[in-house]
Amino acid sequence: MKNTSYLSIALLFLFCSSCTKEGPGGKIIIKGRVMHHQQPIPNAMVYIKYGTQDSPGSNITYYDANVKADANANYQFNNLRRGDYYLFSVGFDSTIVEQVSGGVPVKVKNKEETVTLDVPVVE
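Count along the sequence shown from 1, add 2, and you get the number used in our numbering.
Hints are computed from structural coordinates only; laboratory data are not their basis.
Any given hint could be a false lead.
Once the Cα atoms are required to be at most 20 Å apart in a straight line, the calculated EDC-like pairs of lysine to aspartate or glutamate come out as [what the hints assert, rightly or not]: (1) Lys111 with Asp56; (2) Lys23 with Glu115; (3) Lys70 with Asp95; (4) Lys33 with Glu115; (5) Lys23 with Asp86; (6) Lys29 with Glu114; (7) Lys111 with Asp95; (8) Lys33 with Asp66; (9) Lys23 with Glu114; (10) Lys29 with Glu100; (11) Lys33 with Asp86; (12) Lys33 with Asp72; (13) Lys23 with Asp66; (14) Lys23 with Asp56; (15) Lys29 with Asp56; (16) Lys33 with Glu114; (17) Lys109 with Asp66; (18) Lys29 with Asp66; (19) Lys109 with Asp56; (20) Lys70 with Asp120; (21) Lys70 with Glu100; (22) Lys109 with Asp120; (23) Lys33 with Glu100; (24) Lys109 with Asp86; (25) Lys113 with Asp86; (26) Lys29 with Asp95.
Distance ranges between label pairs, derived from CB positions [unchecked claim]: (27) Gln40 with Thr63: 28 to 34 Å; (28) Lys23 with Thr63: 17 to 23 Å; (29) Gly59 with Gly28: 35 to 41 Å; (30) Val99 with Pro26: 32 to 38 Å; (31) Val124 with Gly28: 18 to 24 Å; (32) Glu115 with Thr63: 28 to 34 Å.
For every residue, glycine included, the Cβ atom is placed at its ideal position computed from N, Cα and C.
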């Protein structure tokens with residue numbers, strides 16, 4: 003009886019530890035550039051929503067984390083788990099003197115360690 007209890011606890015622990023959700027805690031990197039018609043958008047904000055490939059919309063409070071793109075429009079999210087994500091970005095295109103925004107779904111598959119994906123933004 004005692005061995006059965008230990009086995010049950012071990013199986014439960016193994017089952018629960020394999021049920022990871024998208025988000026922080028892994029080794030995956032999602033990176034890329036924020037782009038508007040092939041032009042980089044420096045210093046744009048990039049938001050990420052865990053566990054979906056559907057856009058939550060433009061309300062940034064619906065997103066789980068964010069990073070600021072650098073002066074070359076590069077962004078990077080580190081230490082993510084495999085799964086589904088949605089990226090949304092807001093920036094300013096100085097060539098047209100206008101705010102631009104847009105998003106893109108991301109699916110991180112089993113064997114990927116780094117996903118490189120530009121976030122397209124529009125007027």
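Against the structure, the hints come out as follows:
Using a Cα cut-off of 20 Å, the hinted pair Lys111 and Asp56 holds, with the two alpha carbons roughly 17 Å apart. A C-alpha spacing of about 16 Å is found between Lys23 and Glu115, which places the hinted pair at or below 20 Å, so the restraint holds. The hinted pair formed by Lys70 and Asp95 meets the criterion: a straight-line CA distance of about 15 Å does not exceed 20 Å. Proposed proximity of Lys33 and Glu115 is supported: the alpha carbons are some 11 Å apart, at most 20 Å.
A C-alpha spacing of about 9 Å is found between Lys23 and Asp86, which places the hinted pair at or below 20 Å, so the restraint holds. With a CA separation close to 10 Å, the supplied pair Lys29 and Glu114 stays within the 20 Å bound. For a cut-off of 20 Å, the pair hint linking Lys111 to Asp95 is broken: about 33 Å separates their Cα positions. Distance hint between Lys33 and Asp66 is fulfilled; the C-alpha atoms sit about 16 Å from each other, no more than 20 Å.
Restraint check for Lys23 and Glu114: satisfied, since their Cα atoms lie roughly 16 Å apart, inside the 20 Å limit. At roughly 36 Å between alpha-carbon atoms, Lys29 and Glu100 are farther apart than 20 Å, so this suggested pair is violated. Distance hint between Lys33 and Asp86 is fulfilled; the C-alpha atoms sit about 15 Å from each other, no more than 20 Å. Restraint check for Lys33 and Asp72: the C-alpha separation of about 12 Å stays at or below 20 Å, so the hint holds.
As the CA atoms of Lys23 and Asp66 are separated by approximately 13 Å, the hinted pair is consistent with the 20 Å bound. For the hint pairing Lys23 with Asp56, the CA-to-CA distance comes to about 16 Å; that is within 20 Å, so the pair holds. Our distance criterion of 20 Å between C-alpha atoms is broken by Lys29 and Asp56, whose separation comes to about 23 Å. A C-alpha spacing of about 13 Å is found between Lys33 and Glu114, which places the hinted pair at or below 20 Å, so the restraint holds.
Proximity of Lys109 to Asp66 is assessed by CA-CA distance (about 16 Å); at most 20 Å being required, the pair is judged to hold. With a C-alpha separation of about 18 Å, the suggested pairing of Lys29 with Asp66 holds against the 20 Å cut-off. Distance restraint check for Lys109 and Asp56: the Cα-Cα separation of roughly 11 Å lies within the 20 Å cut-off, and the hinted pair is therefore satisfied. For the hint pairing Lys70 with Asp120, the CA-to-CA distance comes to about 14 Å; that is within 20 Å, so the pair holds.
For a cut-off of 20 Å, the pair hint linking Lys70 to Glu100 stands: about 18 Å separates their Cα positions. Under the criterion of a C-alpha separation no larger than 20 Å, the hint pairing Lys109 with Asp120 is consistent with the structure, at around 14 Å. Only pairs whose Cα atoms come within 20 Å are accepted, and Lys33 paired with Glu100 is rejected, the gap being roughly 24 Å. For a cut-off of 20 Å, the pair hint linking Lys109 to Asp86 stands: about 5 Å separates their Cα positions.
The suggested pairing of Lys113 with Asp86 holds, with an alpha-carbon distance near 14 Å, which does not exceed 20 Å. For the hint linking Lys29 to Asp95, the alpha-carbon distance of about 33 Å lies beyond 20 Å, and the restraint is violated. At about 31 Å, the beta-carbon gap between Gln40 and Thr63 stays in the expected band of 28 to 34 Å. Under the hint 17 to 23 Å, the C-beta atoms of Lys23 and Thr63, about 20 Å apart, fit the expected range.
At about 26 Å, the CB distance of Gly59 to Gly28 disagrees with the hint of 35 to 41 Å. Between Val99 and Pro26, the C-beta spacing of about 36 Å keeps the proposed range 32 to 38 Å intact. Between Val124 and Gly28 the CB atoms are about 31 Å apart, so this pair departs from the stated range of 18 to 24 Å. A beta carbon spacing of about 30 Å between Glu115 and Thr63 agrees with the range 28 to 34 Å that was offered as a hint.
When the structure is compared with the earlier hints, violations turn up for hints 7, 10, 15, 23, 26, 29 and 31 and for no others.
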